[in-house]
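Visitor: Required output: the full structure, derived from the provided sequences and hints.
Residue numbers (my numbering), protein chains in the order written: chain A, 1 to 120; chain B, 1 to 111.
Simulated from the structure, these hints should not be mistaken for lab results.
We put the beta carbon where it would ideally sit given N, CA and C, even for glycine.
Errors might be hidden in some of the hints.
[To be verified] Distance condition first, Cα-Cα at most 25 Å in a straight line; then the derived PhoX-like pairs of lysine-lysine:
| # | chain 1 | residue 1 | chain 2 | residue 2 |
| --- | --- | --- | --- | --- |
| 1 | B | Lys44 | A | Lys45 |
| 2 | B | Lys55 | B | Lys107 |
| 3 | B | Lys55 | B | Lys68 |
| 4 | B | Lys107 | A | Lys45 |
| 5 | B | Lys55 | B | Lys44 |
| 6 | B | Lys107 | B | Lys44 |
[Unchecked claim] Which residues of chain A face chain B? A few of them, derived with a C-beta cut under 8 Å, are:
| # | residue |
| --- | --- |
| 7 | Glu48 |
| 8 | Phe54 |
| 9 | Phe96 |
| 10 | Leu100 |
| 11 | Asn106 |
| 12 | Phe107 |
| 13 | Asp108 |
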Amino acid sequence: QLQLQESGPGLVKPSATLSLTCTVSGGSLGSSSYYWGWVRQPPGKGLEWIGSIFYSGSTYYNPSLKGRVTISVDTSKNQFSLNLSSVTAADTALYFCARLSDLRWNFDYWGQGTLVTVSS
Amino acid sequence: QSALTQPASVSGSPGQSITISCTGTSSDVGTYNYVSWYQQDRGKAPTLMIYEVSKRSSGLSHRFSGSKSGNTASLTISGLQAEDEADYYCSSYTSGSTLVIFGGGTKLTVL
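Guide: What follows is the structure in structure tokens.
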């Protein structure tokens with residue numbers, strides 16, 4: 001059974017870079033037909049797609065995040081990571097990592113989520 | 001790119017049927033049959049329920065069904081049960097550099 005687990009700091013200072021890692025178990029990041037990415041949910045609000053990466057390294061990002069996002073993959077560790085720079089309080093959210101099927105374009109596996117708070 | 005439009009809330013009594021709409025544009029829902037629906041309990045990860053407009057995830061009750069007409073997709077839940085109370089989100093594949101777009105979410109209350 002595929003499992004995804006987020007890890008990283010729960011508190012980040014304003015203007016700093018938020019960094020999270022997602023570790024995948026029970027399957028390989030090198031599988032074709034899947035993107036690996038991040039979705040966030042501010043408190044009391046809806047889901048927002050942040051971006052996704054293919055195992056080959058091709059990336060797609062939400063334009064609304066204006067170039068602050070970088071997603072990378074380390075197939076040797078079966079991990080992928082999120083960096084979000086110049087954070088503000090508006091970036092406070094529950095961050096999920098998730099697998100996106102490029103055949104069905106749905107998120108079929110999700111991590112449990114990790115709350116990141118931006119505050120000094 | 002704006003989120004897909006969903007009603008903020010819907011409600012129904014046990015045993016009744018409800019429908020949640022998800023309105024997009026010709027760049028997403030109207031052109032592609034890659035609409036998905038997710039159920040989310042507060043603070044938990046979303047769970048995939050419906051994909052490709054109307055296909056049910058493994059094990060999902062037949063009380064849940066999906067459809068699409070033009071730029072609007074719909075999720076119908078029949079025979080409402082108390083356990084169906086949750087937040088529901090639609091998503092769609094979209095053209096351009098953005099791969100997927102979500103709806104704003106709908107809170108379902110079972111009266």
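Visitor: Please go over all the hints and tell whether each is borne out by the structure.
Guide: Hints, one by one, checked against the model:
For the proposed pair B:Lys44 and A:Lys45, the alpha carbon gap of about 13 Å is at most 25 Å, so the pair holds. Restraint check for B:Lys55 and B:Lys107: the C-alpha separation of about 22 Å stays at or below 25 Å, so the hint holds. Of the supplied pair hints, the one linking B:Lys55 and B:Lys68 holds, its CA atoms being roughly 12 Å apart against a limit of 25 Å. Restraint check: the Cα-Cα separation between B:Lys107 and A:Lys45 comes to about 11 Å, which is no more than 25 Å; the hinted pair holds.
This hinted pair checks out: B:Lys55 and B:Lys44 have alpha carbons roughly 23 Å apart, not beyond 25 Å. The suggested pairing of B:Lys107 with B:Lys44 holds, with an alpha-carbon distance near 14 Å, which does not exceed 25 Å. Taking 8 Å as the C-beta contact cut-off toward chain B, the hint placing A:Glu48 at the interface holds, the least distance being around 7 Å. Because the closest C-beta pair between A:Phe54 and chain B is about 10 Å apart, greater than 8 Å, the hint is violated.
Hint on A:Phe96 holds. Least Cβ distance to chain B is approximately 6 Å, under the 8 Å limit. Against a cut-off of 8 Å between C-beta atoms, the interface hint on A:Leu100 holds, since the closest Cβ of chain B lies about 7 Å away. For A:Asn106, the interface hint holds, since its Cβ comes within 8 Å of a Cβ in chain B; the closest pair sits about 4 Å apart. Because the closest C-beta pair between A:Phe107 and chain B is about 6 Å apart, less than 8 Å, the hint holds.
Taken as an interface hint, A:Asp108 checks out: its beta carbon lies about 5 Å from the nearest beta carbon of chain B, inside 8 Å.
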